[in-house]
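Fit chain B to the given chain A structure using the hints.
Number of protein chains: 2
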Amino acid sequence: MKKRYLLAPGPTPVPEAALLAMAQPIIHHRTPQFSEIFKETAELLKYVFQTGEDVLILAASGTGAMEGSIVNLYSPGDEVIVINGGKFGERWVKISEAYGLKVHWLKVEWGKAVNPADVKKLLDENPKVRGVLVQASETSTTAAHPIKELAAITKDRDCLLIVDGITAVGVFDVPMDAWGVDVLVSGSQKAFMLPPGLAFAALSQKAWKFQETAKCPKFYFDFKKERKNLKDNTTAYTPAVSLIIGLNTALKMIKEDGLENTFKRHDRLARATRAAGAALGLKPLAPEAPSNAATGVFVPEGVDGGKLVKYLRDEMGVTMAGGQDHLKGKILRIAHLGYVDTFDIITSIAAIEMALVKFGHKVELGKAVGAAQQVLLEGYK
Amino acid sequence: MKKRYLLAPGPTPVPEAALLAMAQPIIHHRTPQFSEIFKETAELLKYVFQTGEDVLILAASGTGAMEGSIVNLYSPGDEVIVINGGKFGERWVKISEAYGLKVHWLKVEWGKAVNPADVKKLLDENPKVRGVLVQASETSTTAAHPIKELAAITKDRDCLLIVDGITAVGVFDVPMDAWGVDVLVSGSQKAFMLPPGLAFAALSQKAWKFQETAKCPKFYFDFKKERKNLKDNTTAYTPAVSLIIGLNTALKMIKEDGLENTFKRHDRLARATRAAGAALGLKPLAPEAPSNAATGVFVPEGVDGGKLVKYLRDEMGVTMAGGQDHLKGKILRIAHLGYVDTFDIITSIAAIEMALVKFGHKVELGKAVGAAQQVLLEGYK
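These protein sequence lines map, in sequence, to chains A and B. Residue 216 in my numbering is what sits at position 216 of the first sequence, and the numbering runs on without skipping anything. Residue 259 in my numbering is what sits at position 259 of the second sequence, and the numbering runs on without skipping anything.
Isolated chain A, as found in the complex (with noise of 0.2 Å):
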């Protein structure tokens, strides 16, 4: 009788008018019917992406976007920054390498956000580096990285802003056409609302042109060949059709609440995740730079961040996100991403209240709901 809370970065809780159109009898995707969907679907993912460009519907998992942005627009050989905070930092530089390009590592401490100027330095220092590849949102350290500012760096040297907005698209704000974003890539099992198993990817006309002299190696993650494809309102391969229906709902849902609304609703719950992890006394993981995504703290010292994951989500029903790598064990990950709203926060809080006091911690119960609650209050009239 135990209920179940989906409270981890990704997959995000789905809600029922995707579920329910993802439960129709399955159409086929060579038909009017399907291709007329498909189309609805492209322009108002145009809307979230905020970009007059194409945005490319991939069946496979964020990663897949990933991979397409490198091998569509290098060839083996290229040199690339990565700017590597964390572990998905980490995976541009193993597509990278995977494909033969020279990658020139960033290293940024995991939940700290890079500096520009840094970024400017490495650049101006390695004339040949045509690439930027970079996290809007770093999942595993709950740190944001200023695109904008690294958009101006790259803006104007032959070089593209390649972004993995995977917990960032729909999360909160980055303008592709406005900053200057050349590649940003999501995936939908986050702020997009739905089960995993598609990938997007939006290329800039200065993208696209690096695209057409690329030599890596591609055949299901054929960017042109989909870019073409799209124009006939269709799919190179063959789509995850129920999907796509789930998307065109969960697009709507956003696009009635509005862009700016929905980043609004991210931003309150995320402040209201930190002013309760300070209530009760967590070191914030990304304290100058947090991402509206997730919300990293550290676990109190004596406590071991694994088994209170265990704990809050075999005992609870709570899955929330560890950490990874050096920080396995020691930091709690709360999401607030996609279809989430003031109880799943409040549910969160509560829930790890009572899991530290099981752990012997002491804590007062309630505090940290109630300063949670103080800024939640904004989101009602």
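None of these hints come from the bench; they were simulated from the model. Take the hints with a grain of salt, since some may be wrong.
Reference listing, derived: stretches of chain B covered by chain A, where coverage requires no fewer than 3 residues with Cβ under 8 Å from a Cβ of chain A [said to hold, decoys possible]:
no.	stretch
1	141 to 149
2	309 to 321
3	357 to 369
Just so it is clear, the structure is predicted and the values come from calculations on it, not from any experiment. Note that beta-carbon positions come from the ideal geometry of N, C-alpha and C, so glycine has one too.
Structure of chain B alone, referenced to chain A:
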């Protein structure tokens, strides 16, 4: 993007497993396939009703089973005592009078439980009385009547104890056979965790004797006919097929948890809610004999309870119940029956705290949540 939380004393939330079971393609009711499910369901119902007798399954709301309990057991002119301490006590009066029974009112102040001595006295004074009609849990006042004590009084008389257990069966202990309850009725949308649409009625051997001579007119609610059909694993009229399939799933969930654990869970949730009400300084509606199905509290002086319920529902997405008749606008009823757990209670209490702030009431945010958490912690190892 507003999420909705159903925390009224019925309908109550439906578990995902039951929703999925009911979403299956409909099957025909005159088939071995359905009969098998029906048979198993009827057996499981006996477990929850704590009886060896048949539990009739009707396509009706709970009121249908209440009406059936009158028309199948009495004749016009028969005398009954109605313990009338709320809206549902009144319903017993109205049904009895609609069929020409002579009703002895035993008025109980709303929020109070009946004093068994008063029932005994009224029975002694009116030896022709052949039935005592009562609610185990009076949903409108959140008070529980002392069924065990009443059964001890009616047991050795030519008089039935007819109990509306609509918000009691599966919530707290009403062991029908052990206590000597003669009729116990309930409905699907309460502790049975289903949508509305099914009513249940179980009759003691003594009650079935009454049935033999009862002359009230009836057709749809003909219990004798239903019992005959039940023995053949079917119903007299078309059963609500999908609800019965959902019931099968829900009853298995209850059985798996065990009745004792189910009662314990409801008791813990109820105590947590009462503790939160006390922490908020809200006067309880039924302090002496509170039901574990829902907790009624008076809203603070100067707060319009009707507007508060509307605000909670329309602005915060949290549906609770207000008061009826002379309690209209004065109380709030927080439900905690059925598919409800720790975080539903926390959601309720946090929402009330926040709404009261919006209504200008002085509230220390998180304090009542903390009081609830303290009790709810008992549920975890």
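Hint-by-hint comparison with the structure:
{"no.": "1", "hint": "141 to 149", "result": "violated (count 0)"}
{"no.": "2", "hint": "309 to 321", "result": "holds (count 4)"}
{"no.": "3", "hint": "357 to 369", "result": "holds (count 8)"}
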